[in-house]
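**Student:** One-letter residues, chain by chain:
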Amino acid sequence: MSRRNPSLILGLTLLGLLSLLLISGFFVDDDSAYMNVAGQFEPPSLKHWLGTDKLGRDNYARIAIGARSSLSIGACSVLIGGALGSALGIVAAWYGGWLDLLLARLLDALKAIPNLLLALMIVTIFGSELPVMIATISLLAIPLYARMARAATLKLKTEDFIQWTRLIGIGIPRILLRHVLPNITGPLLVTASLGFAGAVLTEASLSYLGLGVPPPIPSWGRMLSEAPLFNAPWLALSNVVVLTLLVLGFNLLGDGLQQMLDDR
Amino acid sequence: MLSSSVAASAIPTSLLRVINNVHKARLFCALVIVIALLGACTPQSPSVLPSSQPSSASSTVATVSQPKKAVVGIPQDLDSLDPHLSTATGTQEVMFNIFTGLVNTDVRGAIVPELAESWTISEDQLTYTFILRQGAVFHNGDPVRPQDVVYSYQRLRGQTGEHDSRLSSALDAVGEISFTLPNVVSLHLTRVDSSLLGKLLLPIIPEGSGPEQKDHPIGAGPFSFLSYTPGVGIRMVKHQGYYLPGQPYLDEVVFRICLDSNAAFLALQNGEIDILNVTKEQRDVLLNRAGIEVLATPQNMPQLMAFNLGYEPFADIRVRQAVNHAINKDLIIQMLAPGSQKLGTNFCEVMEFYAARGLEDTYPYDPQKARELLEEAGYSNLSFTLRVPSEYIFHLETAQLIQMQLNQVGVHMTIDPIPFDTWLDQVYTGFNHQATLIGLTGKLDPDAILGRFASNHRNNFMQYHNPEVDELLQMGRGTAIEAERAPYYKEIQTILAEEVPAVFIMDITLYRAVNSRLTGLLTYPIGYIDMKTVDLR
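Line order of the protein sequences matches chains A and B. Following the numbering used here, the numbering of the first sequence begins with 843 at its first residue and continues without gaps. Following the numbering used here, the numbering of the second sequence begins with 1432 at its first residue and continues without gaps.
Same shape as in the complex, but just chain B (with noise of 0.2 Å):
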């Protein structure tokens, strides 16, 4: 009895000393996760990236020049290396500098010889022919035949029986593949596909070199290949064989994840990155640096307060027409990215040739009106759910400047931040929504822009239904001569402008810095982070 009270008495300090040391450490952990939530901005590491060895400098050769190098800082990692398998915009503006396909886009948008020399489309718009370039050729010095183009195009289709099911729906009106050697490929298509030229973006890839794609890729781009660390970055060195006469000119290039944005950016400024997308906040702080460049340039990616028409109030045009006259597009502009373009309707103006203009002032901030409007319709004390994925600050930020708004007129919305995944299931695909706010990816092809508005649309998450804008899509899918392609998707930029399935707020312009070391970069209306005009001052 005696010896178990004496051991039940020495619990109790033992037990709470533990109790001690448990707790100390807890401050300590909390103290660390503090700073680490305000520190997170250490640069990484140099060791991460070993310092680059291109594979073609030479050690013999004692006075050879530095090789030409440039980091871009990506941020996110790729979602696969076999371009074929990857769906990410942000993989894709990375791998473009390694696969290329038949056709490429110019600054503008529009559509330019790349491993196709040239091409002609018959009088039918039924078959597309392409003379492949002469001495192209892949990263592993083999040529780019006709053969190749059937691959990677039958591998897009499901069709060379390594997977289950097509990876791509762009080529669904492609019927039969022919070619004739040496360089000879032909489309014959089922019906006509007026955006086709537009999606020969996709990548072309060696013949069988399918299933190695993914640990290895092999394209025909102006860099290869050279290493892969997820959650690092991709390394890729100048193809010696590309068919441009003294491009690519930078000897090798890093793309290097950067998840952190505040980390990024001290890297930008310190010269460890070259390139690098920055935030509003983070231009006005360069705009007063010597050293580094900050270019604009819209980014052909509208951004939308898009509505459920199935949700019941927004099913009312008066509703829809009330809130459009209730934002002020300008202050949000003004406020969270100076510099981009008013949108009305679904288009924007960098593509110039199908844009109409002159929509962005259908429905003007009047808040008077919007409250005429509301009452008008019977929905005076109207409150709504707006859901907005929760990585995209920028997003959130907007949608915050809507609310305050959107209370001046007495709507009442309630922001719900969701995690992008959620978001894809129960917006894009789900309709389980009442509004939404996101930038849509900028697209070539006004089809591709403007199709999401068809009622059969499997994203139209709108839920928006007009049989007349259905007929124009058909309509404008029915010629691939663009004069004629314009009028129709003009139309449905207007109908949509009038009939407001959204608040169309404006192109979000991309602030792209870039150290004044290095010069050429271009910019496109598609994801695209061209590294082939960049070289050293």
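Chain A with its partners taken away, still in its complex shape (with noise of 0.2 Å):
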């Protein structure tokens, strides 16, 4: 790391500010997140930091409570939708031939039908429970890794030390696993942090269209499409000013490791 790297710097400090978010979740009041008729609407205070919305619940407990479903999702699908999307993606460039075509064409699919959409159809059917929105997210996400995967496996085929491998006799699951995936993981990364912005504004969409987790689990999305713009507008802001936080920290967090790559 000779060249300085801001964007690294500065997105790792707006996602260590929103871990903090996330931990001081597991500290407050739980009731405050899901009971107090008696305050409806009040305006940030000492008490309340950032308000109270219709229902007379802490904002900020439950921005912090919806930390938790929204990173989880968007680490879930990051391990998950990763894990599996590498894996074909590797696979398929490595044997090439009818198997790379069919999963070419597979994801050609997949990539056809938008992400919500699809994303809207699974819920309906299978219900917005917690594991289900993962499943789901974690679906839409593949494709991303395996294209990655696989243009990143085809160059490498083609370098020398890799041929050797292939010429001294290593087992094709040992090469794969030992030589292959640890040359790709630097563009893999690049992808997930990307991956996780945009699974967790999945999730908020959905949730935007009362489709996501359902109440009373806090939920970013639900929260914002359920916030008052007009009497209540710290609802609706704090909220925005969280996702984008989280969204921009992560897209800093990829551009950060880009550039590392490149230095490297």
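Note that these hints are calculated values from the structure, not bench results. Treat the hints loosely; a few may be bogus.
Said to hold, decoys possible - Facing chain A, according to a computed beta carbon distance under 8 Å, are these residues of chain B, among others:
no., residue
1, P1506
2, N1693
3, N1708
4, E1712
5, I1824
6, L1827
7, E1828
8, Q1834
9, H1843
10, D1847
11, P1848
Claimed, not checked - Anything over 12 Å on all C-beta distances counts as not near chain B; from chain A, calculated:
no., residue
12, L860
13, L862
14, P886
15, A929
16, W940
17, L945
18, L981
19, R1020
20, N1073
Stated by the list, open to error - Simulated restraints, written as ranges between beta carbons of each label pair:
no., chain 1, residue 1, chain 2, residue 2, range
21, A, L852, B, L1690, 31 to 39 Å
22, A, L1079, B, E1915, 44 to 52 Å
23, B, L1690, A, W891, 27 to 35 Å
Each residue gets a CB set at the ideal place from its N, CA and C atoms; glycine is no exception.
Dock chain one against chain two, each of which comes alone in its own frame, and use the hints as you go.
**Tutor:** And the structure:
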């Protein structure tokens, strides 16, 4: 890292702040997030930093608790979608031929349907419980990683050291795991940081349409859709700011990683 | 070999550059989406709806005054311009301005003459004879004749050969329809149908005009159709031949589709929209603002949390009573829709003549009693799922308040938001639910409101069966005389209040904002934005 890397630093700082928000969610009073009928639409105060919502619930507590579902959906989509997608991409690129063709067409088909539409369909059929949401959003993330892994593997396949591993008779699973995968983690990490932000936004969009994580579990998207803009602007505003910072943080992180790779 | 390695090393940078560009585009998109979520409230550009130019305005008269125009914001698109094919209440409340029936409703839900000047009902209640209004004309200039009535009703019954099946079940009791020129129509019923008159708001269209209605609707209502753009709105102009002298007062009315409630609210505040239904929060904002009035009116729309009696715990009346005792309706009303009437049965007081009073506290808020009843019934750890249409934030909020209240008596309720289409399929017709929360659209006739509790009603999604109610409904249908019918329906309301197949919450108050430059807007116990009485102040 000879050059300075402001994107990475800024991204990590933003994400660090959001982690604090996430952690604080475990210390807020659960009751304040779920029930306080007395104080409808209280503006921000010392007691309620970000005011209260229509049902008198503390907005800060709800945002902090909502971070759990948002971030766990993002993380799971990166882990599950990333693992499946990368595996598919690597295998397809390695073997090539009809397998590659089949996979490419499948991914094209998946890509042809708008993500949100597909997610809506799945959620409508299987319900909107958290596991379904995670599975859906992970599924949607697969093409992203598969394409990246495939492209990177194709390039790597022609490198001398990989050719060597084949010549000296190392088993294919071992080559893929020990020699190919470590050499393509760079682009995959960049993709993952983008994918994370994308997954959070997908969940927020679904919730905004009323189909995300079911109430009363706080969800950023639903909170946004329920927030009245005119009497209690702090509700929508605080929500949007957090969501924007999160997406921005991950994108900057991606940028920073990218630059790190370039520098190496 | 050398060249190939050069090529190989050239790939990564270009590849990464591509990634980088994609990456930046995504960042941009992400931000745009977030901003769009917040800022999806730019009012529609005025260019979408070209400025008004009523067909009657003559350009040669220089001194002609500005045409009187009003814009109404509606929250959804129209499902069909053909009045016989449209089923949505949201379409009906607009199209009542273009189409009229033999009769109409007044502000209290009473049936009043419209295209029929008067009518008589035979002694055996099987023949209804209508005298058509002299001078009533369709928008195309043709007079309204008995043949048009016959044609419209036959079309609705699927007898014109245009459709394979009937379009409406409203006329099922009607057998032969005969007419005598110039202006008498008789409906001969095969059985007594006391709710028939209320159904005759059904639109009358010119004979033979059926196939054209979906593109260019023609009726005899106070306004005639000018143009319609899907997703944008519908424009209508004054029907010069409307039979009421002077009415309508406005020259042009535009119903503009505003899918985004916040955008519509902004448009209301800056005067682009004159009439708009608003939420409670928006009403609160308007209370302190001059220039816009808010009418709060009962909608005749009972909101209820309906049990599915096919789900075992809810077959036990004690469980249903317990849930009723556990829910604080006053609090829900106070928080979500102040001014709404609390209900104890599936009937709203706005239907004055038929409403039984004093039922709302049959099972008052009493958490202790609720716990005891649950214990007694053996369901102290009751848990169930409530399916709610996800589009309706109001119902979702109600559900969350109920969830909190039930939690306090140890009942665990899960909320399952589903799209309204799925709701219609799964809950309304499929009965695939444990409980649901919904508002039932206002109807004019007590039979139409209470009939869904009949054992054999196809949308009896509570799966409520009570032979006594069935019999009372039959008796109510057996006479067309209001004073005789009322006691039957009041009795049904009392039974429902005691047996609670649902938690009847409230008649949801409608907040309708009107720009103060307009005057004369009336509200009705059915979905109907009546523009004929509206004028500039």
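**Student:** Indicate, hint by hint, whether the structure satisfies it.
**Tutor:** Here's how the hints hold up against the structure:
The interface hint given for B:P1506 is broken, as the beta carbon of that residue sits about 15 Å from the closest beta carbon of chain A, more than 8 Å. Look at B:N1693: its Cβ gets to within about 5 Å of chain A, closer than 8 Å, so that hint holds up. Because the smallest distance between the Cβ of B:N1708 and any Cβ of chain A comes to about 15 Å, over 8 Å, the interface hint for this residue is violated. Taking 8 Å as the C-beta cut-off, the interface hint given for B:E1712 holds, the closest approach to chain A being about 4 Å.
Against a cut-off of 8 Å between C-beta atoms, the interface hint on B:I1824 holds, since the closest Cβ of chain A lies about 6 Å away. Proximity of B:L1827 to chain A holds as hinted, the smallest CB-CB distance being about 6 Å (cut-off 8 Å). A least Cβ separation of about 7 Å between B:E1828 and chain A falls short of the 8 Å threshold, and the interface hint therefore holds. Given the 8 Å rule on beta carbons, the hint for B:Q1834 holds: about 6 Å separates it from the nearest Cβ of chain A.
At about 12 Å, the closest approach between the beta carbon of B:H1843 and any beta carbon in chain A exceeds 8 Å, and the interface hint on this residue is violated. Checking B:D1847 against chain A by beta carbon gives a least distance of about 6 Å; that is within 8 Å, so the hint holds. Taking 8 Å as the C-beta cut-off, the interface hint given for B:P1848 holds, the closest approach to chain A being about 5 Å. No beta-carbon of chain B comes within 12 Å of the beta-carbon of A:L860; the shortest separation is about 14 Å.
No Cβ of chain B approaches the Cβ of A:L862 within 12 Å, the least distance being about 21 Å, so the stated non-interface status holds. Under the 12 Å C-beta cut-off, the non-interface status given to A:P886 relative to chain B holds; the minimum distance is some 18 Å. Consistency note on A:A929: stated as away from chain B, and its beta-carbon is indeed over 12 Å from all of that chain's, at 20 Å minimum. Once the 12 Å rule is applied to beta carbons, A:W940 is consistent with being away from chain B; the minimum gap is 24 Å.
For A:L945, the condition that its CB be more than 12 Å from all CB atoms of chain B holds, with the nearest at approximately 19 Å. The beta carbon of A:L981 is kept farther than 12 Å from every beta carbon of chain B, the shortest such distance being approximately 19 Å. At roughly 21 Å from the closest C-beta of chain B, the C-beta of A:R1020 stays outside 12 Å, upholding its exclusion from the interface. Not every C-beta of chain B lies more than 12 Å from that of A:N1073, the closest at about 5 Å, which undercuts listing it as non-interface.
Our hint of 31 to 39 Å for A:L852 and B:L1690 holds, since their Cβ atoms are close to 37 Å apart. Between A:L1079 and B:E1915 the beta carbons are some 60 Å apart, a value that contradicts the proposed interval 44 to 52 Å. The supplied range of 27 to 35 Å is met by B:L1690 and A:W891, whose beta-carbon atoms lie about 33 Å from each other.
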